[in-house]
Structure formats: structure tokens, C-alpha cells
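*Asks:* So you can see what is in the structure, the chains are spelled out below.
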Amino acid sequence: MTVHDTTTPAAPAAEVPAVPDKPEGPISAAIIATGVGAAALGLFTTLAEASTTVKDWLQFSDPVGPLSGKTIMAVTVWLVSWAILHLSMRRTRYETGRAMTIALVLIAVGVLGTFPTFFQLFAPE
Amino acid sequence: MVSFTDREWWGLIHGMGFGALFLLAFAGGLAGLYSLRPALVTEAGIAERMRRLRIGVVAMAVAAWGTVLTGTWVVYPWYREKTPASPRSQLLADPATADWHSFGMEWKEHIAWLSPMLATAVAFIVIYYGRNLIRHDRVRRTAMLLLVLAFAFAAVAGAFGAFITKVAPVQ
Numbered sequence: 001m002t003v004h005d006t007t008t009p010a011a012p013a014a015e016v017p018a019v020p021d022k023p024e025g026p027i028s029a030a031i032i033a034t035g036v037g038a039a040a041l042g043l044f045t046t047l048a049e050a051s052t053t054v055k056d057w058l059q060f061s062d063p064v065g066p067l068s069g070k071t072i073m074a075v076t077v078w079l080v081s082w083a084i085l086h087l088s089m090r091r092t093r094y095e096t097g098r099a100m101t102i103a104l105v106l107i108a109v110g111v112l113g114t115f116p117t118f119f120q121l122f123a124p125e
Numbered sequence: 126m127v128s129f130t131d132r133e134w135w136g137l138i139h140g141m142g143f144g145a146l147f148l149l150a151f152a153g154g155l156a157g158l159y160s161l162r163p164a165l166v167t168e169a170g171i172a173e174r175m176r177r178l179r180i181g182v183v184a185m186a187v188a189a190w191g192t193v194l195t196g197t198w199v200v201y202p203w204y205r206e207k208t209p210a211s212p213r214s215q216l217l218a219d220p221a222t223a224d225w226h227s228f229g230m231e232w233k234e235h236i237a238w239l240s241p242m243l244a245t246a247v248a249f250i251v252i253y254y255g256r257n258l259i260r261h262d263r264v265r266r267t268a269m270l271l272l273v274l275a276f277a278f279a280a281v282a283g284a285f286g287a288f289i290t291k292v293a294p295v296q
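Top to bottom, those sequences are chains L and E. Just so you know, the first sequence maps onto residues 1 to 125 in the numbering used here. Just so you know, the second sequence maps onto residues 126 to 296 in the numbering used here.
One or more hints might be untrue.
Stated by the list, open to error - Computed spacing ranges between beta-carbons, pair by pair:
(1) Ser88(L) - Ile180(E): 28 to 36 Å
(2) Ser88(L) - Ala223(E): 26 to 34 Å
(3) Ala123(L) - Thr167(E): 26 to 34 Å
(4) Thr76(L) - Ala280(E): 37 to 45 Å
(5) Leu194(E) - Ala50(L): 48 to 56 Å
(6) Ala280(E) - Gly97(L): 19 to 27 Å
(7) Glu168(E) - Arg90(L): 44 to 52 Å
(8) Thr101(L) - Ile252(E): 20 to 28 Å
(9) Leu149(E) - Val19(L): 27 to 35 Å
(10) Leu87(L) - Ala284(E): 37 to 45 Å
(11) Phe228(E) - Ala50(L): 15 to 23 Å
Read the hints as simulated data drawn from the structure, not as lab findings. Even glycine gets a Cβ: it sits at the ideal position worked out from N, Cα and C.
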């Protein structure tokens with residue numbers, strides 16, 4: 001199968017060996033799950049700042065402090081959401097462009113939630 | 126004679142060991158993904174290029190996980206020890222340096238964790254999609270964007286880590 005690259009017309013195109021075309025669903029699932037994990041980290045970080053109950057609960061390890069719970073929970077949410085999304089999207093042709101848009105919004109939520117100037121707004125007086 | 130304490134060794138492994146590997150793998154992964162276009166590879170080069178790309182993105186993901194795991198579970202407890210000599214205590218004791226903890230460290234310790242998740246997604250895409258990446262430009266570009274985001278978050282964490290170590294090292 002000959003594949004033409006539109007960005008560099010002067011170069012000779014390679015014959016890309018025929019390989020079975022795979023659905024984009026699993027890729028989209030991985031991308032969205034990353035966003036979910038990022039948003040979860042932002043959420044846990046902000047919740048820990050706002051509530052001492054949550055902060056204490058997230059202290060899975062005394063030497064590490066609440067960061068231990070925040071990161072373990074965020075990674076768990078990421079992996080579980082990835083598994084669920086993968087199973088539900090593995091045979092679909094869900095476009096990665098749409099998945100990336102969703103993920104970018106979720107990653108932005110995660111960045112906001114982990115930004116000190118933001119989450120410290122919720123600290124008790 | 127140059128010597129390091131155990132804590133300094135772990136700081137080096139965290140920042141300069143895994144960190145340097147991450148940087149190296151990022152550069153290789155980005156270049157590999159960028160050039161993974163039919164016009165830029167020969168038939169003979171595809172197999173070699175794909176193998177190198179797989180190794181690069183997996184190494185980047187491993188390095189990212191190694192960085193955050195050693196940082197959070199080995200170095201960070203020393204940083205936040207409840208003793209007057211700990212870096213956290215030293216930074217907070219002086220209003221001129223308190224922001225290095227209350228903003229710099231607080232952001233670094235959280236934002237760094239986005240990087241391994243993103244790097245793992247890129248590694249999955251490259252391994253799962255393989256040579257299909259050459260034909261599907263949209264997926265290839267998406268993988269590049271994820272890779273750059275992984276690097277950007279790691280860069281924020283790495284830069285703050287270097288600055289904070291300069292002001293109040295873990296010793």
C-alpha cells in the first residue's frame with residue numbers, strides 16, 4: 001500500500017508494509033483515561049486542602065503525608081477508568097481528536113486543581 | 126574526595142538518574158514520532174525506526190514512573206521531616222524562602238504525577254498502534270502532543286526541584 005505524505009511532496013514515499021488497520025477506540029480510551037486521572041489528582045488535592053477529614057483519610061503513609069493518598073487514589077482512578085473505557089471502546093473507531101479534546105479539558109482541570117494558588121483558596125481559615 | 130550521603134545519592138537517582146533518562150527518551154521519542162512519516166522513512170528503515178521508537182517511549186514511561194516514585198516515597202519524606210533541619214522547615218522558617226515550599230514544592234509534588242500517566246499513554250499508543258502510526262497522521266500527532274505535555278509537566282517539576290535543592294537541599 002502506497003502512502004503519500006502531503007507535507008513533504010519532494011521526498012519519495014515509502015511503501016508501508018500492509019498491517020491490519022486497528023480501531024482507534026483503545027487509543028482514545030487511553031487518552032481520555034489520562035485526563036480522568038489528571039482531573040482526579042486535581043480533585044483529591046483540592047478536597048484535601050478544603051477538608052481536614054479528607055486530608056487525614058488520604059494520609060496512607062505518615063512519612064509521605066496526604067500526598068500518598070492523593071497519588072495512589074489518582075493512579076487507581078486512572079487505571080480503573082482506563083480499564084472500563086478500554087473494554088467499552090476497544091472495537092469502536094472513536095476518533096482520537098475528540099478524545100484529545102476531552103482529555104485536554106480534564107487535564108486542565110487537573111492542572112488547576114493542583115495549582116497551589118487555586119487549591120489554597122479552599123484552605124480553612 | 127567527593128562523597129555523598131545516602132540521601133544525596135537518592136536525590137541524584139531521583140533527579141539526575143531518572144530525570145536524565147526521561148529527557149533523553151523524550152528527545153528520542155519526539156524525533157521518532159515526528160519522522161514517522163512515509164516520505165521520511167524507507168521500507169528498510171521502518172522496522173528499525175519502530176523498534177527504536179518502542180524502546181524510547183517505554184523508557185520514557187519507566188523513567189517518569191521511577192522519578193515520581195523515588196521522589197514521593199524516598200526523597201519527599203526526608204524533605205518534609207518534622208525537624209528544624211529539614212528542607213521544608215528551613216524554607217518555611219524564613220519568609221523570604223517560604224514561597225519555595227508553599228508554591229514551588231506544593232506545585233511540583235502534585236504536577237509531576239501527570240507526567241507518567243501521559244508517558245504511559247504514549248507508550249501504549251506506540252505499542253498498540255505500531256506501524257499504523259505511519260498511515261494515521263492524526264494519531265501520530267496526538268501521541269506527539271501527549272509526549273510534549275508529559276515533558277512540560279516534568280519540566281515544571283524538575284525546574285522547581287532543582288531550584289528548591291539549591292536553596293534547601295535534602296542532606
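*Asks:* Hints the structure violates: just list their numbers, smallest first.
*Replies:* 2, 3, 4, 5, 7
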